[in-house]
Amino acid sequence: MLCACSGEQFKFEDAPQSPESLATRDFSASGLSSRTGDWEPKLDDVQVDEAESTLKEALSLNYEEARALLGRLEYQRGNLDAALQVFQGIDIKGLTPRMTGAIVERTRQGKPRSKGDVIPSSVMSMHSVSLLLEAILLKAKSLEELGHFRDAAKECNIILEVVEAAFPSGMREGIAKDCKLLEVFHKVLELLPNLWKKAGFLSEAITTYRRVLVKPWNLDPLRIANVQKDLAATLLYGGVETSLPAHLQVWGSATPNGNMEEAILLLLMLMQKVAYGELKWDADIMDHLTFAFTVTGQFELLAGFVEQALPGIYERANRWYLLALCYAAAGRNKVALNLLKKVSGQSEAKHKPHIPASLFGAKLSSQDPKHALYGITFARNVIDLADQPNEHFKGQAHRFLGVCYGNAARVSISDSERALFHKESLASLNSATLNMKEDPELVFNLSLENAVQRNLDVAFDNAMMYSNMVNNDSGRGWRLLALILSADHRFKDAETILEFALDEAGSLDQLELLRVRAVLQIAQEQPKQAIETYRILLSLIQAQREPQSDLENEAKRKIEMAAWQDLATIYTKVGLWRDAEICVNKAKSVELYSPKSWHTSGLLFEAQSLYKEALVSFSIALSIEPDYVPSIVSTAIVLIRLGNQSSLPIARSFLMNALRLEPMNHDAWRNLGLIAKMEGSSEQAVEYFQAACELEMSAPVEAFK
Amino acid sequence: MSSSNPDSNAHSCIQSLSSILSSVPSSVSSSSNPSFSLLHDPTITSEISSLLRLPDSGSGDNNLCRWLYDTFHSTDPELKLVVLRFVPIIAGVYLTRISLRKSLAGFEAIVLALYAHETTARDGQPVTVNVPDLSQPSIYHEAKGSVKNKATELNLAVISPTLEPHGTMRSSRRARIVGVALELYYSKISQMPVSSKMEFCEFCDIWAAGQKSEESKGKKERRIPLPWELLQPSLRILGHCLLGSQKSKELLEAASMATKSLYNRCLHDVDAKGILATSSLLRLEQMALDPKLNVDHTEIDGNVLSL
Chain P
1 MLCACSGEQF KFEDAPQSPE SLATRDFSAS GLSSRTGDWE PKLDDVQVDE
51 AESTLKEALS LNYEEARALL GRLEYQRGNL DAALQVFQGI DIKGLTPRMT
101 GAIVERTRQG KPRSKGDVIP SSVMSMHSVS LLLEAILLKA KSLEELGHFR
151 DAAKECNIIL EVVEAAFPSG MREGIAKDCK LLEVFHKVLE LLPNLWKKAG
201 FLSEAITTYR RVLVKPWNLD PLRIANVQKD LAATLLYGGV ETSLPAHLQV
251 WGSATPNGNM EEAILLLLML MQKVAYGELK WDADIMDHLT FAFTVTGQFE
301 LLAGFVEQAL PGIYERANRW YLLALCYAAA GRNKVALNLL KKVSGQSEAK
351 HKPHIPASLF GAKLSSQDPK HALYGITFAR NVIDLADQPN EHFKGQAHRF
401 LGVCYGNAAR VSISDSERAL FHKESLASLN SATLNMKEDP ELVFNLSLEN
451 AVQRNLDVAF DNAMMYSNMV NNDSGRGWRL LALILSADHR FKDAETILEF
501 ALDEAGSLDQ LELLRVRAVL QIAQEQPKQA IETYRILLSL IQAQREPQSD
551 LENEAKRKIE MAAWQDLATI YTKVGLWRDA EICVNKAKSV ELYSPKSWHT
601 SGLLFEAQSL YKEALVSFSI ALSIEPDYVP SIVSTAIVLI RLGNQSSLPI
651 ARSFLMNALR LEPMNHDAWR NLGLIAKMEG SSEQAVEYFQ AACELEMSAP
701 VEAFK
Chain A
1001 MSSSNPDSNA HSCIQSLSSI LSSVPSSVSS SSNPSFSLLH DPTITSEISS
1051 LLRLPDSGSG DNNLCRWLYD TFHSTDPELK LVVLRFVPII AGVYLTRISL
1101 RKSLAGFEAI VLALYAHETT ARDGQPVTVN VPDLSQPSIY HEAKGSVKNK
1151 ATELNLAVIS PTLEPHGTMR SSRRARIVGV ALELYYSKIS QMPVSSKMEF
1201 CEFCDIWAAG QKSEESKGKK ERRIPLPWEL LQPSLRILGH CLLGSQKSKE
1251 LLEAASMATK SLYNRCLHDV DAKGILATSS LLRLEQMALD PKLNVDHTEI
1301 DGNVLSL
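For the protein sequence lines, the chains are P and A, in the order given.
FYI, the numbering used here numbers position 276 of the first sequence as 276, with every residue one higher than the one before it.
Adding 1000 to a residue's 1-based position in the second sequence gives its number in the numbering used here.
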């Protein structure tokens, strides 16, 4: 018989037995004649027709099957154009209903066929169907390689439709596994969405992915998982909202509402498979999940998945670092800090130091004075141990170190230690400026630390620089500036700043700034204005009763309580006892266990000369917070007022205690002077009064922090 | 624009544009789908982009800003897309110039208009996502174990909180307002041309790391503060540029560089949320580029056809 391509004759080794078995012969290049020299790479129509008619006769194949085989040959040789040309001749549209019908007939299970029940011969054989479907697939692949993605996708779609029409609710388990049809179909299921993506039709790709996943097609679990992963990725990053078709929306509240939800559903399912051992750990799935949960703010859920990963997937220190990131992002800083302490702790001593974790630990520690010492350790870790690639973290580390030293100074109980910490703090912050000249946070820290240490000029310059850098964007910059000015007794300037800041500030910052303004007015002996400002402040708080974030609510409550406390103090000073009492009770209704509220009550009683009751209130304040300096000083003052000679030493010890905690408290110094005077040591009294005077000159109206 | 004919809207837009630009190519002015050509024509868009980058482009009396503002308020949604295309440049130049104390009223008007549009469209509702409960079956899986019959409580995650109407720009709201403009841009990103996305990547890089220009000291654009309200929508856009659109190699490179800059910036600031998101994106990009890990299941084994 004639060879289709080279016109050569060649013989079969065996006699042909049936068309099918002939077709199974290997028509690869090696089976044909070796006269490849005569070969023409392109076929023209005449040759194709000849070849095909020859095949038809010899193998009793029909027209379409012949072309299909021919096309496959061409594809395998890499002649894509030729293959396409051959494939074009097959009339697919006409064949699709027949193919569907054939599949239905041939795969029908159930009642065994009775003897007389013969499948009509017009129904195509499974072999033909497979052949034709494979031809369509190869046509699509040729189109793909030539870059015509959309056409390729359309071809593949035909295959999908044929099979879907034959199995409207998916394939049952029993379809023959080694059937070529199944193999072709599964390849289509994976190829088609990719083709749509390459063609740029993401909507179609998503729809196809859904078609693949929603019904059972006997794909093996690994391939299903891959399709699910690809769909999740396309939904997450594609940027095309493709809603579910109506027939899939019947699941009520369980229907995913939007691409992000659907993606999260798929990713959660995949992680469940990993957890059950059905899938191996796949870092891609975890990364997609991390991205999706980060965007939607579900950090504690994410932490759960990190913990769920089996040992060995993450390095231990890295896992702790990741968990710390998740928990810190969820706002649970304490948990995060505990994890970070483990990273730089004993158990990891033999491994390389984890610099980003140490830096993170330093940052978290710097936000709470209780953790100041840990922060110092973390920051020193970074500074001492950072190797070449991590050099650039040193600037930040110095900054955190400075802040932590400042915090440590505040909670320190030893004077010499405090002095050392103050020095170190400024030194660290200044060395940070070598690396990070233009960092606004650093400038703010410098300003604050200098202000606390009463270097008012430097503090002022830095505060101005900070406000310029962030371009009016921050209430705390303005507040610090106003307080520094007040410490310098430049009250008018402070008021101007506050005016300006109140215009630009957001709602929470506004409350804080209003309070500073009121305190300034008190300091300038303008109680009426102060009361008015508090009135505005409290009405603003009342007006904003809608639920805000927890942090904001907390902050608002604090400001409200502070406002009532300050009002009570004003009323006490001007002698309006009744009003003062109302205000104190309001403050206590916001928060009962606030030392300042009880302290304010005590001041009220003291003003009314009810010294016993005053002492009771002050001791309640001290029982809530033993180191609450104003109450310590006030207790001492009341003891002095009571006038007993024997209570003077007790008063003095209270005052010394207060000074141990707050060496710059001018009230304590002044009262120490009073005691010295009452005891007759005038020289000492003079010294104390002088100290009190100097300190009062540079005291802010309110603590800087 | 009281005319309901979208074409006449587009044509009058092009008319007014021609008085601002040096020239409008005839392919655009006489095209049958003028808004589409306006969106995609490279000459016009590059000229508008360069005009937007001029030193005084954002002031209140700038003609181009006026044109963009008016075009966004037209009733034709296609014309709105044209304005959206320039959001990366507008937001980028605006935010980098804040510290220079110039008048930026023109840019602010456009950004506020975008914000107002979103506020109306969302009607006081936040944008939320329900985290599914796997114990309930879904379209993709059967629930393992017994199905709980009680109604599932919704586990709502908020992607974008409720918007309050704002008529003016204040420094405390700036990040949120620009962030919402970026969210609007992301919602239409599949229709944005590649050049627009590349501009976004370029500005992300500048926002994160600042521009290093050694020639003139005054021109160095400082890196800007990156609160989460600005960072989150930017990350979604970058995720799309990096992993969602397969077509342009240049875009991939630009997005990759921008993501790396953001990652370094987040590491430096120790911003936990940013670190988590950017490191995932970078790892996913690496996996996508590594051919060893890509197994193509569609390879035909090329041999025997067997029954």
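Since the hints were made in silico from the structure, they are not lab data.
Be aware that one or more of the hints could be misleading.
[As the list claims (entries may be wrong)] List of simulated lysine to any residue pairs, SDA-like, C-alpha gap at most 25 Å: (1) P:K612 with P:R641; (2) P:K334 with A:H1268; (3) A:K1249 with P:G304; (4) A:K1249 with P:V240; (5) P:K573 with P:Q453; (6) P:K280 with A:R1283; (7) P:K280 with P:H247.
[What the hints assert, rightly or not] Reference listing, derived: stretches of chain A covered by chain P, where coverage requires no fewer than 3 residues with Cβ under 8 Å from a Cβ of chain P: (8) 1127 to 1141; (9) 1157 to 1167; (10) 1170 to 1181; (11) 1186 to 1193; (12) 1231 to 1242.
Keep in mind that this is a model prediction, so the values were computed, not measured.
By construction, the Cβ of each residue, glycine as well, lies at the ideal position given by its N, Cα and C atoms.
Now for the hints, and whether the structure bears them out:
no., hint, verdict
1, P:K612 with P:R641, "11 Å, holds"
2, P:K334 with A:H1268, "21 Å, holds"
3, A:K1249 with P:G304, "36 Å, violated"
4, A:K1249 with P:V240, "20 Å, holds"
5, P:K573 with P:Q453, "30 Å, violated"
6, P:K280 with A:R1283, "18 Å, holds"
7, P:K280 with P:H247, "33 Å, violated"
8, 1127 to 1141, "holds (count 11)"
9, 1157 to 1167, "holds (count 3)"
10, 1170 to 1181, "holds (count 5)"
11, 1186 to 1193, "holds (count 4)"
12, 1231 to 1242, "holds (count 6)"
Of the hints listed earlier, those the structure fails to meet are numbers 3, 5, 7, in rising order.
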